[in-house]
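So you can see what is in the structure, the chains are spelled out below.
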Amino acid sequence: MSRNLSQLYQSTILEHNKNPKNFGVLETATHVAHGKNPLCGDNYTLYIQLDAEHTIVDARFDGDGCAISKSSASLMMERIVGLNVQAVLDLCASFLNLVTTDQEADREALGKLKIFEGVKAYPVRVKCATLIWHAAQTALLRSGETVSTE
Amino acid sequence: MVKTDLIRQQFPMLVQDPELVYLDNAATTLKPQCVIDAIQSFYSQRYGTVHRGVYWLCQQATQEYDTVRAQVQRFINAKSDREIVFTKGTTDAINLVASGAGNVWLSPGDEILITHTEHHANIIPWQQVCDQVGCTLVVAPVMANGHLDMVEFEKKLNHKTVLVAVGHISNALGVEHPVKQIIQLAHAVGAKVLVDGAQSIAHQAIDVQALDCDFFCFSSHKLYGPTGVGVLYGKKQWLDELPPYQYGGDMIDTVTFEKTTFAPPPMRFEAGTPPIAQVMGMGAAIDFIQGIGLSAIADHESRLLAYAYDVLKPCPGLRLVGEPTTGILSFTLDGIHPHDVGTILDSKGIAVRAGHHCAQPTMQLFNVSATTRASFGVYNTTADVDALLRGIQYVQSVMT
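As they're listed, the protein sequences go chains C and Z.
According to our numbering, the residues represented by the first sequence are 1 to 150, in order.
According to our numbering, the residues represented by the second sequence are 1 to 400, in order.
For the record, the hints were derived by calculation from the structure and aren't laboratory data.
This structure is a prediction, so every number in the text was calculated from the model and none was measured.
Beta carbons are placed, not taken as given, at the ideal position from N, Cα and C, and that holds for glycine.
There's no promise every hint is true.
[Stated by the list, open to error] Estimated spans, in silico, between C-beta atoms of each pair:
#1 Z/Gly349 to C/Pro123: 15 to 25 Å
#2 C/Ala121 to Z/Arg319: 29 to 39 Å
#3 Z/Val15 to C/Asn4: 19 to 29 Å
#4 Z/Thr400 to C/Thr146: 44 to 54 Å
#5 C/Leu83 to Z/Asp149: 50 to 60 Å
#6 C/Thr12 to Z/Arg319: 26 to 36 Å
#7 Z/Asp149 to C/Asn97: 49 to 59 Å
#8 C/Ser2 to Z/Val15: 19 to 29 Å
#9 C/Asp62 to Z/Met143: 24 to 34 Å
#10 C/Asp62 to Z/Ser41: 51 to 61 Å
#11 Z/Asp207 to C/Pro38: 20 to 30 Å
#12 Z/Gly293 to C/Asp62: 51 to 61 Å
[To be verified] Listed next, the stretches of chain C that the computed footprint assigns to chain Z, with coverage defined by at least 3 CB atoms under 8 Å from CB atoms of chain Z:
#13 59-66
#14 118-131
Produce the entire structure from the sequences given, and follow the hints as far as they go.
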């Protein structure tokens with residue numbers, strides 16, 4: 001595998017693509033958003049359940065898309081349960097910063113999510129990686145809406 | 001017999017990168033040197049506008065420009081060069097007819113018939129005009145193999161059908177529709193037929209009089225010519241009835257502040273300064289493919305399709321979507337999204353299309369969100385197909 005390609009399809013990404021975490025519908029969700037990428041057809045629904053203290057007590061995602069979008073969503077699931085809304089929004093900002101800008105992202109806070117940095121070498125695939133993060137912002141700020149990465 | 005080694009030498013992109021496996025010809029084709037030269041020599045030696053000046057450069061450009069119109073007429077065997085309208089491309093040509101039809105031919109309750117496997121460009125313009133006029137968009141179904149169900153098609157035709165719009169070849173599946181039969185059936189109920197020839201124009205000889213189609217549309221950039229130009233062929237009597245599509249210079253007879261009278265077709269539909277260099281490039285592209293011969297090209301691509309079918313069919317996990325009859329193969333790989341396939345093939349220098357191919361209803365029909373599509377052009381070889389197979393095996397090794 002070329003260096004760029006192996007940066008993109010790392011084993012963690014491939015593993016989460018095959019066995020995504022928290023995959024399915026969450027009936028008890030309090031916040032929902034739909035994310036789609038009309039050009040390629042990535043299409044997910046993100047479900048988040050908040051408690052009275054604005055802490056995420058459960059999250060799931062459902063839908064269909066490529067390995068990059070699916071593993072990005074799966075790794076998000078691993079990360080956000082237990083965080084409060086502001087912490088998730090901060091994480092969204094850091095992640096989007098990591099893959100869409102040249103600015104130094106908050107790498108410490110991103111932890112394992114840093115593996116998506118390799119997507120920068122593939123401009124058309126950045127939208128795949130960011131889709132679920134845009135959906136999370138929408139779910140938490142404007143629940144019920146659809147977000148499109150086009 | 002197509003001599004691919006000689007043909008490939010005429011494409012600078014393939015000379016510069018002999019390893020490039022370009023299999024996205026249904027989206028757009030590479031350009032031969034003669035097309036690049038035609039554009040370059042016009043810009044660098046004889047550049048001038050058309051229909052607007054008495055000086056030599058302008059007259060020369062006008063003459064060359066009009067020569068291409070006559071060339072296109074012969075290329076598709078139209079009766080007259082007055083039946084050849086230069087457009088921005090296939091999409092523009094379909095929109096021109098749809099918008100005009102809404103004004104002059106369609107009334108509330110009328111029907112427009114299309115097929116399930118059309119490109120969005122041959123769905124949405126009709127959908128919009130139906131909404132505006134109060135007509136119904138009727139969709140003829142295809143069978144499980146992606147081929148049009150002619151029994152159902154015939155049932156959908158009736159005295160309310162004013163227009164039938166059909167792709168000659170489905171861009172997502174590579175299935176050719178029996179357009180000659182469709183045209184005969186449609187004419188029997190008094191409907192006009194528009195053929196979207198975007199996927200056929202560079203792959204088989206087109207004779208609009210033999211087909212008896214009312215309209216035929218195609219783009220230059222899918223026939224080895226430049227982007228930004230295409231053709232609408234329309235029978236003279238229908239072009240005469242259609243109103244202008246856009247208003248401006250070049251398309252008028254006389255203008256006063258009270259009233260404007262319009263030029264006859266084709267000029268009526270060519271408002272503004274046209275893409276002059278691109279029209280000349282398209283002329284060079286037509287010379288190029290006629291130099292090889294469309295029957296030789298059709299034979300070559302049909303042999304490639306057969307070879308690809310034999311090579312790819314046994315590949316574990318690979319499913320062909322539909323049963324193609326032309327040089328377009330749409331497929332899925334079990335458990336691997338087409339976008340990952342596209343990215344990984346690209347890392348091996350193989351260019352394919354991954355996505356819904358601007359044909360979402362076709363994807364819905366086959367219950368897939370996207371496919372990977374390989375489509376052939378005159379320069380492709382069995383070595384390209386072999387590279388594709390190795391590429392697919394590599395994709396599977398990376399992703400599993």
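Do the hints match the structure? See the list:
Taking the beta carbon of each, Z/Gly349 and C/Pro123 are about 18 Å apart, inside 15 to 25 Å as hinted. Distance hint check for C/Ala121 and Z/Arg319: the Cβ-Cβ separation is about 30 Å, which falls inside the suggested range of 29 to 39 Å. The hinted window of 19 to 29 Å between Z/Val15 and C/Asn4 holds, with their beta carbons roughly 26 Å apart. Hint check: Z/Thr400 to C/Thr146, Cβ distance near 33 Å, so the stated range 44 to 54 Å is violated.
Roughly 54 Å separates the CB atoms of C/Leu83 and Z/Asp149, a value that falls within the hinted 50 to 60 Å. Checked against the given bound of 26 to 36 Å, the beta carbons of C/Thr12 and Z/Arg319, roughly 28 Å apart, stay inside it. Distance hint check for Z/Asp149 and C/Asn97: the Cβ-Cβ separation is about 52 Å, which falls inside the suggested range of 49 to 59 Å. Taken as a hint, the range 19 to 29 Å holds for the pair C/Ser2 and Z/Val15, whose Cβ atoms sit roughly 24 Å apart.
Checked against the hint of 24 to 34 Å, the C-beta distance between C/Asp62 and Z/Met143 comes to roughly 32 Å, which is consistent with it. Hint check: C/Asp62 to Z/Ser41, Cβ distance near 58 Å, so the stated range 51 to 61 Å holds. For the pair Z/Asp207 and C/Pro38, the supplied restraint of 20 to 30 Å is violated, since their beta-carbon distance comes to about 38 Å. Distance hint check for Z/Gly293 and C/Asp62: the Cβ-Cβ separation is about 53 Å, which falls inside the suggested range of 51 to 61 Å.
Proximity of the stretch 59-66 of chain C to chain Z, defined as three or more residues with a beta carbon under 8 Å from a beta carbon of that chain, is established by the 3 residues found. Counting residues of the stretch 118-131 of chain C whose CB lies closer than 8 Å to any CB of chain Z gives 3, which reaches the minimum of 3, so the coverage claim holds.
The structure fails to meet hints 4, 11 from the earlier list, while all remaining hints are met.
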